Amino acid sequence: MPVLKIYFSRFERLTGLSKDKILDRLPYLGLDIEGTDKESVRIEYNPNRPDYSTDYGIARAIKGLVGKELGVKKYRAAAGKAQVFADKSLAKVRPFIACAVARNLKLDEETIRQLISMQEDLHNGIGRKRRKVAIGLHDLLPITFPVYYSAKDARFAFTPLGSDEQMTIEEILQRTETGQAYGHILSDTEAYPMLYDSKDVVLSFPPIINGLKTKVETSTRDLFVDITSTDARLGDEALAIVCSALADSGGALETVTVSYGKKKVVTPQLAPSRMKFDGELAQAVTGLSLTKKEMRDSLRRSRLDLDPKGFAVIPSYRVDILHQVDLAEEVVIGYGLDKMTPSYPPSSDAGQFDPKAAFLERMCLTMAEAGFDETMSFDLVDGPSLYGNFGRSPDSKLEVDNPRTAEHSLLRDSLLPSLMSVLGRNTKNEYPQRVFEAGKVFARGESGVTEGVSIAALSAHSSSSFTEAKMYLEALVKKHFGEAADTRPGSHWAFAEGRCAEALIRGTLLGYLGEVKPSTLAAFGLDVPVCGFELDLSKINNPRT
Amino acid sequence: MEKTPLHPIERKVLASLADGPRVFEALVSSSGLLPDQVRRSISWLSSKAMVTTSEVTSVELKLIAQPPELVFLESLREGGGEASVARLRNALGEDRGFSAAMGRAVSARWVEVKEGMMGQIVLLKDKEAGRELEGLVALLKKGASEASVPEAQRGTLADLVKRGLVERKENKTVSITITADGVEALKSAEDQGFEKLTPEILSSIRATGLDVKLRPIDVSASAPAFHPGRRHPVKELIAEVREVYLSMGFSEITGEAVQAAFWNFDALFTPQDHPARDLQDTFYVKGMKDQKISRSGVVANVAAAHEAGWQTGSKGWRYKWDVEEARRLVLRTHNTAVTIQATRDSGGAETRVFSVARVYRNESLDYKHLAELHQMEGIVIGEGLNLRHLMGVLTKFYGKLGMSGVKLWPSYFPYTEPSMQVMVYYDKVGKWLEMGGSGVFRPEVTWPLGVRKPVIAWGCGLERLLMLRLGMEDIRELYNNDLGWLRERKEIAGTQDIL
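Just so you know, the protein sequences line up as chains A and B, in that order. Per the numbering used here, the very first residue in the first sequence carries number 17; after that it's consecutive. Per the numbering used here, the very first residue in the second sequence carries number 2; after that it's consecutive.
Certain hints may be false.
To be verified - Below, in silico cross-link-like pairs of lysine to aspartate or glutamate (EDC-like), each with a Cα-Cα straight-line distance of 20 Å or less: (1) A/Lys145 with B/Asp274; (2) A/Lys145 with B/Glu326; (3) B/Lys408 with A/Asp36; (4) A/Lys444 with A/Glu415; (5) A/Lys97 with A/Asp238; (6) A/Lys456 with B/Glu257; (7) B/Lys408 with B/Glu364; (8) B/Lys432 with A/Asp40.
Claimed, not checked - Just so you have them, the derived chain A footprint on chain B, three or more residues with Cβ under 8 Å: (9) 17-24; (10) 240-254; (11) 268-281.
Hints were generated in silico from the structure; no laboratory data involved. Remember, it's a predicted structure, so these values are computed and weren't measured experimentally. For every residue, glycine included, the Cβ atom is placed at its ideal position computed from N, Cα and C.
Looking at chain A on its own, in the form it has when it is part of the complex (with noise of 0.2 Å):
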């Protein structure tokens, strides 16, 4: 999730709150604390509201928590001269541009940190690390309008940002960090989105980097915002939760115009939107019982309104209400969840365990009871340890994509190998090990990958045999199923050839024991022999209870 950066003495400015109130009260907004020292704190926001990436946004919903500000805040952009020519070129890459002017702005160090932060997070969120929803922020003054979004080849040349000299688009994606991370998005066409002016000035190469000469300083008083999408929509959202951030930082918003051919658009577009609410869903939803005044009043705290006509009112920067019940969430935040009381709904019924998992749970009893200590490892395991220190080809085996490490690569179709691992790590420990492990065994099926469960013990120590593994099995068996278990000759690659036995109960493999290869000893690093089985438990049907 991400996190932004608050300090104090700021954001008192911005809310006339004090650090405690701020502290206190950010939670219920659904914000996290991540951390705090004496100047800052660091926030988590949840991704469904970016209006959230800047300290303009979160004072202007705690105001509203508080009671200082209620209702919709209104944001208004005035007609500006400002135009921009999107051209068909771009129509399968990146075809939608929005933008805006702001004006007579103050731009601080922290102001600017606060827009790159806000910039950075709508990339990834939003804009879907770019691909979806790219940002531009530009000073205003080097730009000759009109300006022309097109579509320019590999060979087209300028001086990107954090560069001094110009390079070509092949350049920039080869050799800059940014084309390095985000040049695949443009990895399908030859037709790379540009946004220059009259005076070939590059603004921007979206949805990699900007052009130099629209650098934005701490000197820069107007901004150019532009913003290229794959989604109309997203782009216009974006721009709004931009817009509202400049306008709260003290800017003066111009519209732009946008021409798609014959088609104009004007953005940004600011207007609330209007959803109808619908007060008793609310209430059953909540389980609130308010009055209409008392709906309305939460509303506005959560910095909405309800119109005389019983419609919600939204500002444009909110782009998570999708339905009634998002209405409903705003009644109970604006209202205070923890004003509200909790009420039990009592049960009619007793519960139940499922009986195969209650089966499993008495026979790990058993095995414990038997003196077997009981170990937890991972489903996902390495090659090694699941078949190169068996000697077994790994034909079948059941790959994750991308793992993070190759340790946790391979789903496990025998619980052995695992408690192998075990038994290797605690080569120091005290002997006799006994250990046992019951969970998932994945294998390929003919439609997808079956899961069975299984339930196996190693015994390792200097006189373990398959007399002991025989035992133990023997008795867990019959303990469980009612009856012994029949034993014959088999073979396993875990297993030494003439040490292995196939188990089984009324004619059923039910698994294998035997005494562990010596090539495997020797692979874990074992010093002792070691003896053992595995039972597969899916094949149980009906156990008894």
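Once you have looked at the hints, place chain B on chain A.
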């Protein structure tokens, strides 16, 4: 040097020798043991230098017949001190004894002979007549050795031998003498008792009725370590959580770890380009898909809900839903993938179910992150359920797990609205801690599955709670399976609070 403890038979033999040396036969009779037992114990004791043995010759005396003078005196005493000669002759028999007995009695002045009406009468003059001889004969009857006959009676004995009334038989035997070590051992056995009980000792106790003492030991000395077989702490907490759910009327459900992305994400209204679905965060099974997922029935409803809200009145996510993305096989990232299928299966009937099971995240392992961990999810489906009921369930559930306070903050999940983050107060650390998520399933989630009743849902990680119980800092330790730790770790139930 540690001395082997005395066997009870050895003790008995030594005790019989405490007064002085004895020959074997005497030892047998004074110890009350069987000759074999005595023989064996003498051999053990000799080897331990607790007794010495020496060969001696003993003379066994055997009484062949009662001396006639005693029969004579007896008959007299029966007659009140007088008897006729005829009667005495009759009692002793003429052929052997009467004349000799009569002669001895007269010469020893025991009797006097008088003439009576019917012939001669013998009168007893000395009331103590023959007592000394009687004593000797009594001794001989018991089987005495020559050595045991008092010096004063040796003359009488020699006379009886000469008369053929006593037979002398010379025997070689052994005399046993206790040594200083034996005395010491006897003393310490009597003081200290036995080191340990053996089947032999116990059977001799049964046979002899003798009790034995056990040597006192240093009861504060350390005992060797013992490890009972133990459950894994994660499994112990799972068992506790299952009991808590059961006590609240919840039934257990289980499900597959490998799920179609459809159930892990799409059915939970998680848009297909949501960051949680990235390879960076989620494990997908390589090269496999669930081809059974196709855009019809429930799947079609879900797809329509994503795209434009379906019948729910929602705007939806407003993008083009792709069935291929829903077919990918994912290692479930939460058990809501299982509870959501129970929601579908409920057909809208009142339901309370839970699942405590493993979930998977593509994480690098560090002190607070694992790639596999456990979550305990529950749902309730029922008419009229609302957020306050959810608060009630959460308060009760976490209360039963030992949390004295529950505080709820707004939160966000794609599939619940309203959503709440659960904060719990944990007394031991005196802090509010983030414990899990909760919420009311969105209509975009439940309606496409055919459920229009409210569904309240929650879930939280298990390891976090376990670490608090065990006072651990590094989550990886739970799955290191270090046997030293597994054997020595404290109980999860906080038994330290009992005393």
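Status of the hints after comparison with the structure:
1. A/Lys145 with B/Asp274: At roughly 11 Å apart (the allowed maximum being 20 Å), B/Asp274 and A/Lys145 satisfy the hint.
2. A/Lys145 with B/Glu326: Answer holds: A/Lys145 to B/Glu326 is near 19 Å, not above 20 Å.
3. B/Lys408 with A/Asp36: With a Cα-Cα distance of about 18 Å, the restraint between B/Lys408 and A/Asp36 holds, given a limit of 20 Å.
4. A/Lys444 with A/Glu415: Violated, at about 32 Å.
5. A/Lys97 with A/Asp238: The given pair, whose Cα atoms are some 14 Å apart, holds under the 20 Å limit.
6. A/Lys456 with B/Glu257: 9 Å, holds
7. B/Lys408 with B/Glu364: The given pair, whose Cα atoms are some 29 Å apart, is violated under the 20 Å limit.
8. B/Lys432 with A/Asp40: 15 Å, holds
9. 17-24: Coverage by chain A is violated here, the residue count being 0 at a Cβ distance below 8 Å.
10. 240-254: holds (count 11)
11. 268-281: holds (count 4)
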